[in-house]
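Based on these hints, arrange chain Z on the given structure of chain Y.
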Amino acid sequence: MIEILAVLGFPLAGAAVLAALGERRQAPAVNIAFSFLTFAAAVALTVRVIVSGPLLVADRQFFVDSFNVFLVALTAFVGLTTAIFSRTYMRIEQEKGRLTLGRLRLYHSMYQLFNCTMLVALLTNNMGILWVAMEAATLTTVLLVSLYRTPASLEAAWKYFILCGVGIAQALFGTILLYFAAEKLLGGGGGALLWTELDDVKTQLEPTVLSIAFVFLLVGYGTKVGLVPLHNWLPDAHAEGPTPVSAVLSGLLLNVALYAVVRCKVLVEGSLHNSFARDLMLGFGLLSVVTASLLLSRQKDVKRLFAYSSIEHMGIMTFAFGMGGAVANFAALLHMTVHSLTKSAIFFTVGHAAQASGTQIMDDIRGLVTASPMLGWGLALGTLAILGMPPFGVFASEFLILVTAIGERPWAAPFFLVALGLAFAAVFSKVLPMVFGATTGGRLPHPPAMFPVFVHLGLVLLLGLWIPPFLADWYRQAARLIG
Amino acid sequence: MAGIPLYAQLINLLAAILLLLAFAMLTQRRVLSLVNLFALQGIALGTSTAIVAYATGQMHLYASAGMTFALKVGLLPWLLHWLIRRLDVKWDVEGLINVPTTMLIGIVLVVFSFNLAAPISQLASTVTRATLGIAMASVMLSFLMMITRRKALPQVIGFLAMENGLFFAATSATYGMPMVVELGVALDVLVGMMIVGVFFFQIREQFDSLDLKHLEKLKESE
Numbered sequence: 001m002i003e004i005l006a007v008l009g010f011p012l013a014g015a016a017v018l019a020a021l022g023e024r025r026q027a028p029a030v031n032i033a034f035s036f037l038t039f040a041a042a043v044a045l046t047v048r049v050i051v052s053g054p055l056l057v058a059d060r061q062f063f064v065d066s067f068n069v070f071l072v073a074l075t076a077f078v079g080l081t082t083a084i085f086s087r088t089y090m091r092i093e094q095e096k097g098r099l100t101l102g103r104l105r106l107y108h109s110m111y112q113l114f115n116c117t118m119l120v121a122l123l124t125n126n127m128g129i130l131w132v133a134m135e136a137a138t139l140t141t142v143l144l145v146s147l148y149r150t151p152a153s154l155e156a157a158w159k160y161f162i163l164c165g166v167g168i169a170q171a172l173f174g175t176i177l178l179y180f181a182a183e184k185l186l187g188g189g190g191g192a193l194l195w196t197e198l199d200d201v202k203t204q205l206e207p208t209v210l211s212i213a214f215v216f217l218l219v220g221y222g223t224k225v226g227l228v229p230l231h232n233w234l235p236d237a238h239a240e241g242p243t244p245v246s247a248v249l250s251g252l253l254l255n256v257a258l259y260a261v262v263r264c265k266v267l268v269e270g271s272l273h274n275s276f277a278r279d280l281m282l283g284f285g286l287l288s289v290v291t292a293s294l295l296l297s298r299q300k301d302v303k304r305l306f307a308y309s310s311i312e313h314m315g316i317m318t319f320a321f322g323m324g325g326a327v328a329n330f331a332a333l334l335h336m337t338v339h340s341l342t343k344s345a346i347f348f349t350v351g352h353a354a355q356a357s358g359t360q361i362m363d364d365i366r367g368l369v370t371a372s373p374m375l376g377w378g379l380a381l382g383t384l385a386i387l388g389m390p391p392f393g394v395f396a397s398e399f400l401i402l403v404t405a406i407g408e409r410p411w412a413a414p415f416f417l418v419a420l421g422l423a424f425a426a427v428f429s430k431v432l433p434m435v436f437g438a439t440t441g442g443r444l445p446h447p448p449a450m451f452p453v454f455v456h457l458g459l460v461l462l463l464g465l466w467i468p469p470f471l472a473d474w475y476r477q478a479a480r481l482i483g
Numbered sequence: 484m485a486g487i488p489l490y491a492q493l494i495n496l497l498a499a500i501l502l503l504l505a506f507a508m509l510t511q512r513r514v515l516s517l518v519n520l521f522a523l524q525g526i527a528l529g530t531s532t533a534i535v536a537y538a539t540g541q542m543h544l545y546a547s548a549g550m551t552f553a554l555k556v557g558l559l560p561w562l563l564h565w566l567i568r569r570l571d572v573k574w575d576v577e578g579l580i581n582v583p584t585t586m587l588i589g590i591v592l593v594v595f596s597f598n599l600a601a602p603i604s605q606l607a608s609t610v611t612r613a614t615l616g617i618a619m620a621s622v623m624l625s626f627l628m629m630i631t632r633r634k635a636l637p638q639v640i641g642f643l644a645m646e647n648g649l650f651f652a653a654t655s656a657t658y659g660m661p662m663v664v665e666l667g668v669a670l671d672v673l674v675g676m677m678i679v680g681v682f683f684f685q686i687r688e689q690f691d692s693l694d695l696k697h698l699e700k701l702k703e704s705e
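Read top to bottom, the protein sequences are chains Y and Z.
So the first sequence is numbered by the numbering used here: it starts at 1 and just counts up by one.
So the second sequence is numbered by the numbering used here: it starts at 484 and just counts up by one.
Isolated chain Y (complex conformation):
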């Protein structure tokens, strides 16, 4: 219990302190300190779960099992590394005059609050609170996307607010229907929205209601996952917001939204006894993978390129969860982890690359290796990792998903494979000239924050070669739970 309080309390306190601290110079360091405390608390929570198994505390309001514990640790970890990165990045932005100190205050405070909402969404046992936290996560990031106050960033933030707002309203309707079905079995009051309670009675939940509820829930949370055709907000928000925000949106928020979908899927599948929920996820997932891979080659803005790549990868995960079964679920969970680490690392390098070249247009970013070797190699390695090159972790998860697809859904495998190939060709051909060749970039006024990048990539490499036994156990348990 104390660990959960700490995990949620530190970012909340951080938001308040950073808002109060205002425009002092130490704000970025304080931001890192609070992120570090959150991460330490998350590690303590993780150790606790390793030692004593799943937790159900605070009058059953919080629930930690093998499915969410690694996501909590991952969220806190990427939250910390992004805070470290944003210190350097935001300093350069500020010196360039793109941001004032007042905006940085908003940024730091909202950054902590955003982390807090995501952790609430992951830890809560209440499907209603899950919804509230997801909506709050949208609200905290809207003003971050429009931080630069340029016309394009305002437009992106407005689109983000309206599309995600409407989407998440559908999810609320789904939650209401879920409650409606559960209330008959569990009675009114607080108990009927608790996931653990619902999970106990899921076989008796009314199938008609749950199937309609799932459509709404999938469309709702799927908007936040960025599933095609609900993905329109995603490239804009990623391209126009500050890079640390793009990194946490892609690396964390999309995962949390997918987590919500999967929690719902477990309940619905238990009630329906057929493959309705799976097929729906399979379809959305495959459509996202294929559409995103086709759109990748048309991108000119480097952050948009990797935003589309995020859509593609979220599609891959949704597709894998849709296939279900021990192997596919295991692979999807692994993919959640490695994608989150790799994509945030890529955004870190891309952010600095854009700063060095003064543009996000890929044609104008050239020869990073010459200008700043670390940056160039970071981007090159990150890109290879995200494209599924062995020995990185993404290769392992994509390979498992592909093998399962060939065995279980032979019709889908060719689409999947072709999409992966297209994505590879598109991204590789665009990134290669950015990394090598004659340089156009200047030097950054401060050395780029490459430490987080290489830590992330190192972890992804490690996960490709060797998965720690406790992590593999969690994946396996969670895969069984998801079914």
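The set of hints was computed from the structure by calculation and includes no laboratory data.
All C-beta atoms, glycine included, are put in the ideal place defined by N, C-alpha and C.
Do not take every clue at face value.
[As the list claims (entries may be wrong)] Distance ranges between label pairs, derived from CB positions:
1. Z:I630 <-> Y:G325: 34 to 44 Å
2. Y:I406 <-> Z:F595: 33 to 43 Å
3. Z:D691 <-> Y:P447: 33 to 43 Å
4. Z:F690 <-> Y:G22: 21 to 31 Å
[Unchecked claim] Which chain Y residues stay away from chain Z? Per the calculated CB distances, all over 10 Å, these:
5. V17
6. E135
7. G165
8. K184
9. E408
Okay, now just chain Z, sitting in the frame of chain Y:
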């Protein structure tokens, strides 16, 4: 109508009013009138919640009825009015609404919603189950309203009206969500409105207008 108790009739009446108001909002061009219609919807919603609370004796529904009045009849319309004054968009009218077509699409949506809600309504044990279709229809109509509008404020009002429909679904189908969830939802709506307010000023500062046609620069392959 002899078999139906008075309170159920009242709730059905209020549900019908809610739907009617949703249609009125769909075709209303003036921003100021839209806010008033939204406030009226809040009154219908709060009253029906209070009646359900009285009929079923659920105490927490009184609280959520009170919250509805405070938030959706008081605070939010006041905020919207304040925004309209400050931004000086009182006389803004929406140019491009094709009323007959929009109405026809709206009617199709209502029929669709009733069909979708029919199997669920049959399972409901609540006195107000017949209203689930109406709730779903008003959500759909608000959605349609948001799609057809080109200006920022009407879009936001559509968004809030959608939340009204959802809230009505929650009370009519299930006697309301657990209190902690309702509070959370209300908080989100409130914070969302504040952010929208901040946002409007930013948009205005950039574009000198709240017309979203300026916000169509981000297109694919550009």
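Flag every earlier hint the structure violates by its number, smallest first. Going through the list in order, the structure violates hints 6, 7, 8 and respects the others.
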